[in-house]
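Could you put the whole structure together from the sequences, leaning on the hints where they help?
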Amino acid sequence: MPKVIENVGCPYCGCSCDDVRVTVSDDGKKVLEVENVCAIGTEIFKHGSSDHRIRKPRLRQPDGSMKDITYEEAIEWTAQHLYKAKKPLMYGFGSTNCEGQAAAARVMETAGGMLDNCATICHGPSFLAIFDNGYPTCTLGEVKNRADVIVYWGSNPAHAHPRHMSRYSIFPRGFFTGKGQKKRTVIVVDPRYTDTANVADIHLRVKQGHDYELFDAFRMVVNGHADDLPDVVADVPKEQILEVAEIMANARFGTTFFGMGLTHSDGRNHNIDIAISLTRDLNKVAKWTIMAMRGHYNIAGPGVVWSWTFGFPYCLDLTKKNYAHMNPGETSSVDMAMRDEVDMFINIGTDAGAHFPIPAVQHLKKHPWVTIDPSINMASEISDLHIPVCICGVDVGGVVYRMDNVPIQFRQVIDPQGLLDDETLLNKIADRLDELNAQGA
Amino acid sequence: MSELIIKNGYVFDPISGIKGDKADIAIKDGKIVDKVSAKAKSIDANGKTVMAGGVDIHTHVVGPKVNLGREMRPEDKLFRGSVRGGIVKQGKRMEMGFSIPSTWKTGYSYARLGYTYVNEAAMPPLMAPHVHEEIRDTPIIDISAMPVFGNNWFCLEYLKNKEIENNAAYIAWLLKATYGVGIKCVNPGGTEAWAWGENCVNIHDPVPYFDITPAEIIKGLIESNEYLGLPHSLHLHGNNLGNPGNYTDTLDTLKLAEGYKAKNKFGRTQVIHNTHLQFHSYKGNSWGTFGSAAKEVMDYVNKADNITIDLGCVTLDETTTMTADGPFEHHLQSLNHLKWANCDVELETGSGIVPFVYDKDSAVVGIQWATGLELGLYAKDMMRVFITTDHPNAGPFTRYPRIIKWLMSNKARLATLDSMKGKAKVIAATDLASMDRELNLYEIAMMTRAGPARALGMSNMYGSLAAGADANIAIYDLDAKKLPTDPELIEEAFSKTAYTIKEGVIVVQGGEIVAEPPNHTVWTKVTMPENTQVMRDIKEKFTKSYTVNLENYAVFDDHVYRPRAIEVDVA
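If you read the protein sequences in the order shown, they are chains A and B.
In terms of this note's numbering, the numbers along the first sequence are unbroken and rise by one, the last being 441.
In terms of this note's numbering, the numbers along the second sequence are unbroken and rise by one, the last being 1012.
These aren't lab readings, by the way, just hints derived from the structure by calculation.
Hints are all accurate, no fakes.
Capping the alpha-carbon separation at 25 angstroms, the derived lysine-lysine pairs in BS3-like fashion look like this:
no., chain 1, residue 1, chain 2, residue 2
1, A, Lys-183, B, Lys-982
2, B, Lys-533, A, Lys-84
3, B, Lys-533, A, Lys-87
4, A, Lys-321, B, Lys-937
5, B, Lys-533, A, Lys-86
6, A, Lys-3, B, Lys-980
7, B, Lys-530, A, Lys-428
8, B, Lys-985, A, Lys-179
9, B, Lys-982, A, Lys-179
10, A, Lys-320, B, Lys-530
11, B, Lys-533, A, Lys-428
Encoded structure:
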């Protein structure tokens, strides 16, 4: 008899939906059906029981081919290379649970290396702004139950976070928002007419790369300097700016969701900084919150776990072993790779091969490269060692942090069939490193 | 079967009434016992002070807002004393941060001060799995956490309808769901109001939509707590924190306890624990006329034996304020204009974080500093008055030795007062300069272990050297019969124990971490008949309003680490 598992967490985007229904085969090894989930989430669950999955570590041979090895051999290989390396880098964690991220912290503290997560190439600028200006935010349920004004700025949930608008923001009927979309005003700020802009009440077609100016214009209006505004700011006419500022200032509860359109266009962290400042201004006259549209289901996780472990969310330099250091630009993965500073690379739960600039990958490729990931991807195919692991939310459960930093407890739905999870694998590597360090001391 | 005996120390144990006499303390299998065999390992405590392991009744060390504070303040890690001075790692993991230390530093630092059990003062129920992840990564010290109830929609609705039994059943369910220990209430109603950008500034200020007053919430939570007979009382952070003239609101709040009597099997006597009282004891009607109301407030507390308090002393450091009192933090950022984090939590609570510099040359800060110490010095029953800094709000817990120094030495107080630029204003607005009371070690033992343990309903396990208690012991390098005349040496002795023993294991020796036995998660397990009405209400709220499914809300058993349940049966 196939078995139905309910309340399953989805390991795709930062929505971290926890209402998925998965039907699995009698032997608990196959995913048969997936419900309540977007198209992308469905594929991740289906992939869990795909015949194409790699189930054994593979080590590159002198002739360039990959040969299956045991987990024990893979752990030994990784530990020995970490022990020898002077400045190894472990990077990734978009798709691992928090238990794995905590174990990774232990590995890199023991090895004395660099530790970084995908924020370094997505919401790192948001961290920089938060360091300077704070983060007045809320949980997604507050938006659902209270928000009458929603702003999506530089983010396109219709494609990147498929259920965001229906579960949390525009469409749901919450406690104080019983009329759902009818009583909410939705404002989208984007240079493109996106599918999200298509459902907005107002679309501000900001000039590409000029978001900061538009924020500044809103701040001027909110602070009483509307008269000094020019006729057009960042391609948006003054009347429209005044209209939207009026809506914002009269909100009962407003939320701004921002994405890569702000963190990776001109201005970067300054865009987020002024977005936070605008939120602070608006809190003098209304109630406003702001939230980063974190990309993956647990990419908020490493920032959370490493903050309690080391006090810094990303770009960690642990090479001194006695204390941690963080200085994005100096200790950020891409910058170090571009300068060819690291002498071993561990890609975990992401695909640096696809996401990093080609010169960075070329430098990293000169040194031992390990990929720890359930899937075949560009990183795994150029690795010296590929260690397959469980997919969080499919073969293993664990705690993950949703984009609003709410912890969601994920479930295991199928038998891992001999695959190790990230936490177990990393703790075995750390145990072996402890032995090597003790022998070396 | 491990045995240990601590010989010839000056023992201070208010639970068993030992007031500095020389005595031996015997330990077997992690518990205090009457005697051990001749094979027991012996520690010579001659010329040293022996107390039970410290108990912190109110601290913010694990959970989402603590951690957002760590995340948003990289500067808290920089240039802070020994951290950047090439400290050699003592424990298994590195130690980072000053006002909001990493979990490892938190555990090690408390152990070095001789503390072995701390109570996290605010757990947003929705975020409980986060709290438990951090407890897992905090070494040595046992931790409990109090879920917040004062702005919880279930409680607001039940209490508005005077449904104490239903409210109690919901509380029992939530304690199990979050592995929480007791009832915390922060700015009752005010944080819910803050979700609309408003506040409840006194106990009669109604909560928007819910149409209930803070006074009704407080009384309802007292009644629910005593209905259940929980080990701890209602743990209250009242309305109007931090503002000039708020002491009248504080007195109004405390008077709500009149007529209530503690009902429990744990030896607890209070029905309200009013936390960080310093922040609630101000006179004046502006920052210019700001002054201490410590005497007025303590005159009331001294008479009301169903109330306990902790001080919330200002330590004169740069620190990080954080509280579930969202509107207060918004108010604070409008005063100091530093960075501000806020997180409203659906149906339950909110929080805010603002860095703060307690500059001793500011007269207001000097007055706050004096107010906290006055509360301790005006106190009559030290079993009801506890030392805290509301860590990290008035300063980091690592400054407890400094608070102890100030309370024990008038000379130290006057020296600090003398170093303040606003000295004249501080003297005029407070009584501190004229108070020559100096607390003794027995009183300090009451304020830092025996008292808080009794108020938490756990004096059979913690804060005690009586047989049967956990063998949690602090040995300080302090000759109780010849206290140093230099007060700095008192601070020094309380900063680094000669030995800290946790459940019979020596964890600190000579001020350094030497072992890291696993800690416990302490929680309250209430057994009572299922309440179908409440279960129906819970299902409804999760279907309609929460964004997390009910089945994923309660902390999974395997996400709670080494739990230790205190059992309560409600017939």
